[in-house]
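Peer 1: Now for the letters of each chain:
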Amino acid sequence: MIVEALAEFLTLGELGGVIVNGLAKSALYVMIASGLTLIFGLMGVLNFAHGSLTMVGAYLGGLLMVVTVTGGTAPLTRLGLFFVAIVVVFALLTVLGGAIETTIIRPLYDRPPIYQILLTFGLTLVIEELVRIVLGVYDLQPLSDWQAALATKPQFLREPVALGPVSAGWMSLFQILLGMITVVGIWAFLTKTRYGLYIRAGSEDAEMASALGIDVRQVFTVVFALGIGLAGVAGTLLMWDPTWGASVPLAAETLLPAFIVVIVGGLGTFRGTVAAALVVGMADAVTTWWFQNAIQFTGLPELVLFLVLVVTLIVRPQGLFGVEEVGGH
Amino acid sequence: MYHTLLNSPVSAETQMLLPTVETMVGVLYFGLFAISFDFISGYTGYLSFGHAVFYGTGAYAVILIANGKMPLLGPGTPFMLSLLVGGLIAIVLAILVGLVSFRLSGVYFAMITLGFAQVFYVFVRGWDYVATNPRDGPAVGPSHAEGFQIGIPGIDQLSLSIGVLTGDEIALLGSTLSGTEVSYYMIGLVVLACYFAMQRIIHSPFGRVMIAIRENEERAIAIGYNTYLYKLGAFAISGFFAAVAGGLFAGFKRSASPENSFYFLVTGDALLASIIGGFGTLAGSLYGHLFDETVREFLSKAGQGGGLLPYLRALLGQETLDATLLGETTIGGLIDLLLNGHASLYVGLVFVLFVLYVPDGLLGTLRTRLGGTFAEALPAKLWGDSE
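Protein sequences, first through last, are from chains A and B. The numbering used here numbers the first residue of the first sequence as 1 and each following residue consecutively. The numbering used here numbers the first residue of the second sequence as 1001 and each following residue consecutively.
Isolated chain A (complex conformation) (with noise of 0.2 angstroms):
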């Protein structure tokens, strides 16, 4: 039986589409933990509150799009009103992280990393119940309005398109699309802006960085704010995706695969996110093929997002393009 899958997995057909899934949770993965590691390489913070944060922006996102969509509205509207959603959700969000970061992260500095990994667990939990409250106050979940949230999606991106030989949604296409115009922003952002060489001089050397006269604090309370805001973004583009959309355990659904991609690619490496949100996304589309093919183990694909994880880790604990510091932070 595994023999015929594999045969059945090799074909042109099935490989391609598995690829182009890949390629589509890669893009959601790049989106979610970006922020994780901009923030981790700048100021050594691993943020457990990214997962509640992309959450706030699935919640913000959809009540965006319901607030602003009214029914039989053109799929290209929708499309342009939901780019707006991002801005906005982008902006809001920034505001937020900066917020987070000058009132309770920097009295942390001086401390050792340990405890912003515990405030920002604090901060979790606090962000759950706020949303928690906030939609039992409004009954929000089960309202048609709400629902339609979902149905804002324009209709073309439901169906799916042929490629020769493959067949894939629309939305992998989009939320490729999207993943690479976010990895391009932000690597422009890095390498071409003032502001970027400011940020990767911080992280090289923070203190080598202020000497050279940056305001290295600023640079921190600007990083955390974009990494927040970018959490937001990725929250609102999976507010569409059919298996995720927007609730409340969506904060640890995305939170633990952004580790595993920060990590694996090495903390703080955003080329390593990148090429680890490549590897975990399309170990997730190969491994979900074959749970739904050939192999009756319902977590599979979970599974071996944690074992990419564990065994990275071990053969190379700095992660793919890490630098050779073992226990730095």
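Think of the hints as simulated: they come from the structure by calculation, not from any bench. Values in this document were obtained by computation on a predicted structure and should not be read as measured data. Heads up, some of the hints might be wrong.
As the list claims (entries may be wrong) - Straight line, CA to CA, 25 angstroms or less: simulated SDA-like cross-link-like pairs of lysine to any residue: (1) B:Lys1253 with B:Asn1067; (2) A:Lys192 with A:Ala168; (3) B:Lys1253 with B:Val1295; (4) B:Lys1069 with A:Thr298; (5) B:Lys1069 with A:Gln296; (6) B:Lys1069 with B:Ala1193; (7) B:Lys1069 with A:Leu300; (8) B:Lys1069 with B:Asp1128; (9) B:Lys1069 with B:Gly1151; (10) B:Lys1069 with A:Gly98; (11) B:Lys1069 with B:Ala1139; (12) A:Lys192 with A:Gly98.
Mind docking chain B on chain A? Use the hints.
Peer 2: Then chain B, alone, in the frame of chain A:
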């Protein structure tokens, strides 16, 4: 004591403030888990973020043995023995995980232990050998109808059953202890024994090396200690006691699910307890969890023990509750909104405040104030014993 307070003039206030006995049993076994977490993380400084895997191992081992699904061990195996078996499995597991993980440190160590734990969590959730529906987790089946007995192995007279519905009731000095109360004392005995054992280890030369590793691992190596072996040993010991805690939990509840045993948020709860109680103060974790549970229960839903919500409802009366504040909201609605089932919010806030302003935790701060542990400092303060 408990009954006296409940029948006193301040009974309503007492019921509001004091946790129920069921909660206190939970405080005991989960407190033991938090202590075992603090044993490794608070004393060697290695944040074991996947510690729930040992707790889950203990819980599952007890249930599997009771259901006759563990090879070589029948359903009739004494509970104390199955606790021990669960602990031994956890030791093996801890050594296997530790062999790999202790090559790393800091955040990387936390992440690899989290990774291992999630592998086990996902695996157990999909492993249909343990239960017909592995997602819901196993429960003790009909092959083991009676309660689990805690006592001194070999002497049946000294054993008593634990469990909410299956526990023994005993008459003592004219008052009857309910099944839950008996469970409270019997589980308390095991927890106390485990606590003393860990306390003993911390105060042995072995424990000193653990603290040396936390303070400055390089120096500990330079002195000539093989820190890798010490860390591995401490991890195994901690895993053993975590499994005992999990076994007690399963023995009392008679069921376990992946979510309340193997999931990483279970470790998170132990972390909360340790930080609130004081990181690196063994007993502090128990108090931390007690604090945590008390806050949760104080703010819990109506009908689950005492709590502020039913108390306020009874105190304010219906007319006040129906009074409108702003627009549609009534006072009752507001109280409901802010208090009903949102204890996690306040626990989270308390936790954040503790991390920011009380980094030593409850017990740690007290010790700093007193200038030593309670046992040493309190008599000195009270009777002015100066050295």
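Peer 1: Now tell me if each hint is right for this structure.
Peer 2: Structure-based check of all given hints:
1. B:Lys1253 with B:Asn1067: The hint holds at about 15 angstroms.
2. A:Lys192 with A:Ala168: The hint is violated at about 35 angstroms.
3. B:Lys1253 with B:Val1295: holds (22 angstroms)
4. B:Lys1069 with A:Thr298: holds (22 angstroms)
5. B:Lys1069 with A:Gln296: holds (22 angstroms)
6. B:Lys1069 with B:Ala1193: violated (29 angstroms)
7. B:Lys1069 with A:Leu300: holds (24 angstroms)
8. B:Lys1069 with B:Asp1128: Within the cut-off at roughly 12 angstroms; holds.
9. B:Lys1069 with B:Gly1151: Holds, at about 24 angstroms.
10. B:Lys1069 with A:Gly98: The given pair, whose Cα atoms are some 54 angstroms apart, is violated under the 25 angstroms limit.
11. B:Lys1069 with B:Ala1139: With a Cα-Cα distance of about 12 angstroms, the restraint between Lys1069 of chain B and Ala1139 of chain B holds, given a limit of 25 angstroms.
12. A:Lys192 with A:Gly98: holds (23 angstroms)
Hint compliance for this structure: hints 2, 6, 10 are broken, all remaining hints hold.
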